[in-house]
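Protein chains: 2
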Amino acid sequence: MQGTREKLGRKVLVNFQPEGIHGEVDVGTSVLEAARLFGVNISGICGGKQVCGKCKVVIDFNKNVVSPVSPQEEGLLTKEELSDGVRLACMTLLKGNSTIFIPIGSRVGSQRLQTWGLEVDFDLEPLIKKISVRVPESTVSQQSSDADLVEKVLIEKGFRDPKFSLDIVRRLPTTLREGEHRMIVTLNAENEIIDLESGSAITPIYGLAVDIGTTKVACYLHDLKSGELLESSSMMNPQIFYGEDILTRIGHAFTYEKGLKDLHQTIVEGLNKLIEKLLGTRGISRNHLYEMTVVGNTVMHHLFLSVTPRHLAVAPFSPSFSGSLNIKARELGIGINPLGNIHMLPIVSGFVGSDCLAAILATRLHEKNGSNLLLDVGTNTEIVLSVDRTLNVCSCASGPAFEGAHIRNGMRASEGAIERAWIDVSTMDVEYSTIDGGKAKGICGSGVVDLIAEMLRTGIIDNTGRIHAKPSTNRFKEREGVSEFIVEFGSNTVTGNDIVITQKDVREIQKAKAAIYTGSSILLKNSNVKSDEIENVYVAGAFGNYLDPENIRTIGMFPDFAIDKIIGVGNAAGTGSRMVLLSKNVRDEAINLSLNINYLELAAEPNFMSEYTNALDLPHRNLSLFPLTMKKLSESNFQVKS
Amino acid sequence: MQGTREKLGRKVLVNFQPEGIHGEVDVGTSVLEAARLFGVNISGICGGKQVCGKCKVVIDFNKNVVSPVSPQEEGLLTKEELSDGVRLACMTLLKGNSTIFIPIGSRVGSQRLQTWGLEVDFDLEPLIKKISVRVPESTVSQQSSDADLVEKVLIEKGFRDPKFSLDIVRRLPTTLREGEHRMIVTLNAENEIIDLESGSAITPIYGLAVDIGTTKVACYLHDLKSGELLESSSMMNPQIFYGEDILTRIGHAFTYEKGLKDLHQTIVEGLNKLIEKLLGTRGISRNHLYEMTVVGNTVMHHLFLSVTPRHLAVAPFSPSFSGSLNIKARELGIGINPLGNIHMLPIVSGFVGSDCLAAILATRLHEKNGSNLLLDVGTNTEIVLSVDRTLNVCSCASGPAFEGAHIRNGMRASEGAIERAWIDVSTMDVEYSTIDGGKAKGICGSGVVDLIAEMLRTGIIDNTGRIHAKPSTNRFKEREGVSEFIVEFGSNTVTGNDIVITQKDVREIQKAKAAIYTGSSILLKNSNVKSDEIENVYVAGAFGNYLDPENIRTIGMFPDFAIDKIIGVGNAAGTGSRMVLLSKNVRDEAINLSLNINYLELAAEPNFMSEYTNALDLPHRNLSLFPLTMKKLSESNFQVKS
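From first to last, the protein sequence lines are chains A and B. To convert, count from 1 in the first sequence and add 2; that's the numbering used here. To convert, count from 1 in the second sequence and add 2; that's the numbering used here.
Treat the hints as calculated values from the structure; they're not laboratory data.
In silico EDC-like pairs for lysine to aspartate or glutamate, Cα to Cα no more than 20 Å straight-line: (1) B:Lys165 with A:Glu194; (2) A:Lys330 with B:Asp169; (3) A:Lys263 with B:Asp169.
Heads up, incomplete: computed chain A residues facing chain B, CB under 10 Å, no partners named: (4) Phe166; (5) Ala317; (6) Ser320.
Glycine included, each C-beta is placed from N, C-alpha and C at the ideal position.
Please construct the entire structure, taking both the sequences and the accompanying hints into account.
Listed below in structure tokens is the structure:
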């Protein structure tokens, strides 16, 4: 998004995180002013009167790009905040190019993120059990330890070889006597006692399924007895503070002495806040939250565990560990019951994480006969081809364009984002809808896809992606030699600036979709599967549920599948994480599955570059590969430049 | 020990811990002066010139019984020390009755304690293994996680299903690459990886066996590959600060909010210092110390684990947990390899700890045909009767008299203690030997037993324990109406005061030995075993190796066994702890054994009181039960009062 270029004086670039909204403003503009100019939400009860101290922001990296700390700020911020680089947006003036992080506490409104997923049928088979026991009392002539008496009762109730940890041994004597020898005992799947409560009233059992994405984190709170989904919530991955993309975060982790610790603690603390919020909503005690399942890409997996991701960045991209892991919540500092279990699903390879495995579990790809495809679109896109239950997977660096990043007016799917768009072929007028129905602030992933497809259909861009200005409308501009198409004029936007698609934006989308196409196409070729043999194409990921299947095919993100085969499945990884939370069978299935996925390293494919280059065209250099798409496009104003 | 009563002015009582040496001094005497008067060692490089700051002591409980902190002390002590009640002995003047604890760091010389034990044959079968591995490298086309590659190599080497903890997953990537894919992997008996080291040079494996007694703590450092005993060392149990006897410590643990934590931390920190010293002696890294076995009585066991001992003090005396436990060193804060294992041997009952179990393992009582007896003498004495491999055990509160406590000039077995003594029947002169061969400071357990037996033999006391003054010598005195026998005159002692056995001391010994006799006798009766059917009587414990079998029988500590059947076995509990450290077989044996010991609660025995009362006499009210002893005594000046 572009600042007010009209004003006189030197300009500085400002980049608001985690939204990734950026643009230019005059030197000396306050951070709060700049945020309002760009439609970025910052809380401020006093309305900029410099008294409430609520508009806290963090100046990232170089602190000298803004005005020094004022005496008022010193009064309103704690020493700790000041040393952490916290500033008040209303009193901080921009002096140079800066990156400003807006903490959750300083936000107004919430992000709209994809947290609902595909629903599948499976048996509820939770791993945590609670039973009420009446423990007999020891006598002087028949002495037994407390644990021996409890063990005997548990064995009578069918729990073989119950295990007592040191913590439980410590709590047992008092809990037993407080409840006059009546207790509620909580056991996990290994018959390890993980909780003791006095009395005879059975208390609830809750579990949490988590999907840690590079960009967003989704949490699902379940009642483990009924299986019911009680709450779900999501947040931006707070590690974004250390870099939007995975490589920057890997770099941070091994460049700085405390880098890995920073990233680890940031996600743990962020999750803890989210958990606290979820529990607070329902008035649930953290002690009744006994199990948490975690999926994520391999880097997120490593960072969550505080395992160096360094070797994931260089060939042969080796993870430290890829099996499933069970870790006591206390060991990771996660705010559930301290003896609760954090179950990390297995990962497949350096580039294919447990989120992909979870998406397979949710789509049941491993159970389907025939050929089926799953794409989990994100900054890295994982593509899984299942051919008669044999699974082949690859990962491609699709970049963050579909998440609204690296796009001039791109933004994540939150308030004010254009999520759907249509262009009138004769007037070039744009009809669109925003997420909240209000004024537009920017464009999110699905909106960008719609716009590129519509621009192609209306001849605004040709098959090579080049913008062709139409003299009949004032929607075309050139700025510093770069063509842009005006989606909405400044007079109708939140910021007062035009919302545009630039030539560079089109190129970004071309690169992203070409990477995904190439991965899909090589997977199909290597398995000798033709595109019309594919039965279903499941598209999961951040924009999975808003996507227009025809538009996504029109830009050539994957081979020329029939529209009705393309099924948006939302956050399938989150759904898989929930299944593993609720079912021991699915958990075992995940472990077996992880050992039976063939990973294809695209970088090792000789045809990769030529395939990729051909796929940069919209929909593809070889149009004969896209008969279904061409049938539609040929009815429109589609321009082919040979 | 008695202060200098001759001096004028008000007297105060002072009690030095952990020795338990106590007596009276004038008000205004410095702590250092008082310590020297009583022969208690306190370091002080400057010799009392108030400049070196080395003579640190801790004023226990009431801090107002001494002079306020002086400006010099403020300069020589840290704030932390001052708030912990640390004072300098040379500048602190006694104002009221006080208890002074002398930390290890402020001591001169060392305690002589029983740490060597019985040696038995068993197979070395350590639980920790180290292997050198060459881990293949992953390739881009054949990607594997680091852990998968290591696992494969370990499986090839015969380690089934090796387990990776989070810590190992964290260390693996860097360790693997630092050693260019050569590593030393350390595994425990469950094939859990507990250490990774770069390179190919096999490093050592050490283990530590510990015996935590109420009064003393013994440690044995072993090389787990050769089994060799490298070092052994011992210390006073620093919990003595919170009370000499078990009941006082239990009281502290549940009376004060932080009481249990105090006791737990005190033993952990004390052990850590001892471990550091042991490792320092040999230049061994704590990371190579992978396993530690711990035995102790049930209260010591609970306090070491920070489990409340509260319910051990009241019927039905229930321990929290009695099975064996394996705990990560890190979880307890023990200064060995953080992933090393602390193995707690099982306990038998509230009054029969794992120390008793270990003593059985060491004496192999459970393998012996016929009838055998084991007595582990301490503040609580455990008595085990084995009849054709069936084990019956009881515990009796024998009190600390045999450890030198509650005896006027009693002291523990350290420098200056009279450990052996003989009385000339005609002159009543006492011949004695001290532990260091120097001047006498007090009398330790074995010395007290010798003196009581000799006093009985020479007619100084009669069978009821009453002292009969002999006018022919100046060795008899009366002080405040209590008779005493002077063992050594003040002119020849360290303190300048007489060393005596008082009428009260005799009573203490009578009570202690009566308790042990009663336990032994009831055990024998309940199994229908006659005393002459016993094949061996193993006497373990603090004074086990110094004891004179005849004297101990003369006072009637147990039934009238033939002298050659009485075998001192020293610290058998420590030996058992070492066996469990060195052999997986013995460890398994311990677990089985703990389930097959019949515990007899003496308090529930109807005959207990009448048996006990009869056993108060020396050797016993019914002399016909002691034919062998009587044969010896009748040759002497033994006086029977009917």
